[in-house]
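**Q** These are the residues of each chain, in order.
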Amino acid sequence: MNSRFKTQYSKSKVVGLYLLLVMTILYCAGPLLWQFITSLKPDTEVIRMPPLLPQDATLDHYVSIFEGHPFLRIILNSAVVASLTTLLSLIIGSLAAFGLAKLDIKYKALILGFVLSVSMFPPIATVSPLYIIIRSLGLRDTWWALILTYTTFSLPLSIWILTNFFREVPDEIYRAAKVDGCSPFQTFYKIMLPLAAPGIVTTAILVFIFSWNEFLFALTFTSTPASRTIPVGIALFPGLHEIPWGDIAAASLVVTIPLIILVFAFQRRIIEGLTAGAVKG
Amino acid sequence: MKVRGDGYRFVIPALILLSLVTVYPLVYVFYLSLYRRLLIFDISRFVGFENYLFIFRDDRFWNALKNTIYFTVTSVSLELLLGLFIAILLNRTFRFKGMMRAIILIPWAIPTVVSAKMWEWMYNTDFGVLNYLLGMKINWLGSPFWAMNAAIFMDVWKTTPFVTILLMAGLQVIPQEIYRAARVDGAGIFAIFRKITLPLLKPVILVVLLFRTLDAFRVFDAIYVLTGGGPANTTETLSIYAYKVLFQTLQFGYGSALSVVIFLCIGSISIFYIRLLSKGIKQ
Chain A
1 MNSRFKTQYS
11 KSKVVGLYLL
21 LVMTILYCAG
31 PLLWQFITSL
41 KPDTEVIRMP
51 PLLPQDATLD
61 HYVSIFEGHP
71 FLRIILNSAV
81 VASLTTLLSL
91 IIGSLAAFGL
101 AKLDIKYKAL
111 ILGFVLSVSM
121 FPPIATVSPL
131 YIIIRSLGLR
141 DTWWALILTY
151 TTFSLPLSIW
161 ILTNFFREVP
171 DEIYRAAKVD
181 GCSPFQTFYK
191 IMLPLAAPGI
201 VTTAILVFIF
211 SWNEFLFALT
221 FTSTPASRTI
231 PVGIALFPGL
241 HEIPWGDIAA
251 ASLVVTIPLI
261 ILVFAFQRRI
271 IEGLTAGAVK
281 G
Chain B
1 MKVRGDGYRF
11 VIPALILLSL
21 VTVYPLVYVF
31 YLSLYRRLLI
41 FDISRFVGFE
51 NYLFIFRDDR
61 FWNALKNTIY
71 FTVTSVSLEL
81 LLGLFIAILL
91 NRTFRFKGMM
101 RAIILIPWAI
111 PTVVSAKMWE
121 WMYNTDFGVL
131 NYLLGMKINW
141 LGSPFWAMNA
151 AIFMDVWKTT
161 PFVTILLMAG
171 LQVIPQEIYR
181 AARVDGAGIF
191 AIFRKITLPL
201 LKPVILVVLL
211 FRTLDAFRVF
221 DAIYVLTGGG
231 PANTTETLSI
241 YAYKVLFQTL
251 QFGYGSALSV
261 VIFLCIGSIS
271 IFYIRLLSKG
281 IKQ
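Chains as they are written, first to last, in my numbering: chain A, 1 to 281; chain B, 1 to 283.
Watch out, some of these pointers could steer you wrong.
Unchecked claim - Beta-carbon label-pair distances, calculated as ranges:
id	chain 1	residue 1	chain 2	residue 2	range
1	A	D56	B	P13	37 to 47 Å
2	B	Q172	A	K178	30 to 40 Å
3	A	A57	B	R92	53 to 63 Å
4	A	E168	B	P175	17 to 27 Å
5	B	G188	A	T44	48 to 58 Å
6	A	R268	B	D59	47 to 57 Å
7	A	P54	B	E50	52 to 62 Å
8	B	S77	A	L72	41 to 51 Å
9	A	R268	B	V23	29 to 39 Å
For the record, the hints were derived by calculation from the structure and aren't laboratory data. Model, not experiment: these values are computed from the prediction. The C-beta atom is built at its ideal place from N, Cα and C for all residues, glycine as well.
Let the hints inform the model, and build the full structure from the sequences given.
**A** This is the structure we're talking about:
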């Protein structure tokens, strides 16, 4: 892999290239790094500049975000909402994707077109009627208001990625299963699902991150810590007099670390999901 | 050859959910937009297209539209340029490729609200790291000139990874032989970029532009958390304006009319790009 690189570039070019790489890394990770540094500074140092680095590093902020406010409850809300959304979106999305990829359906192109056009909907256009509907169903300030909305808005993504995966499974496998007496549904969960496992992982990660990060609907449909999710909790972070920058920094780190772990563990899958269809045309 | 079977049973749950949670509300929002409806006073009166007529005379709407267009055009162009640069840089063969890709995904993975808080802190006039590093005292979020540009810098940081990832995938599809042949012919870096990379990357660039323009045009969280639309509405975009009308002043009729207008703008942008894309495929 590296032979081309070594033969074609002179030493100074290699140094220049690595310098650019380091700058790219600093640009991408710098803000998060700064948030980490801030989170370690005691309050008196947070509002002093310089020094850049903490003189008297402390974990106080990480303790104080869990004391006295419902941060733990908010994390739990996000975890439940994001997990259930992911599960539902995978179930409903994979069923639809299987049907669209392998079964006979009239107006298939029309259905796919409809699903894709939904992904372009501006959320603000549906937020007022959805608010009225959710209020009249008595679902305001519950997990289900968010789970229902997120599942639907993530369906286009799930269906799109999974349809591409199911299409790659050869028709012969499906036919062989049918000869062996499997119903379409048995074929779906016994044969197709395991074969499309990589696609399922990709979809699950993207849907989870979407639900973990969503703000507009969460802000509108929740009103108390009973159902408030992380983005709303961070946006409305309570402060007595001044904005508690140290606490916000610590809270940001706590809620971002799961995502960073996901990114490092699954970067290949994530990239596959983001580029699905976009490059092939 | 397709396999026979009744596929509808598999698609129906998704279609029901999509219809109930996206199509039905869309019809409903149009219906709401024909009423003068104030949620707190339980007032609801049919006014026809009056709300839409009022939009044309509403200076705040035109201001929000102008802000949205400025935000969209500036941030999408900057993201494309920066993303192209990083994609070409990372496309060179070197070690730690997987690790580099994970690192550039960091801004993408961070919740928008968290990144807005992060940048708000970095933009802080007195204790912000940005002013410290620049040795200046700029009131980034308080000045009408800087606030929108500050929001754009943040958005560029947050969304360049997505652009980079897509463009990298596009670059990988271009056969290396073409580059080798061009180099043998003595073509310089810029000639290669202009004559080979750019034309072959065009379809991917169009897809990137489609996704990013739609996202930037409906921007909400990033700016809402960073500046709340201020100072003096200089960063108020269409989504933020509509949201404030709906949920702060509780004018559901007028807010819904604004929502419909946003929907129509987004629809026109999509149709424009999809036309461009299908034209490209036919050629």
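**Q** So which hints don't hold here, by number, going up?
**A** 1, 3
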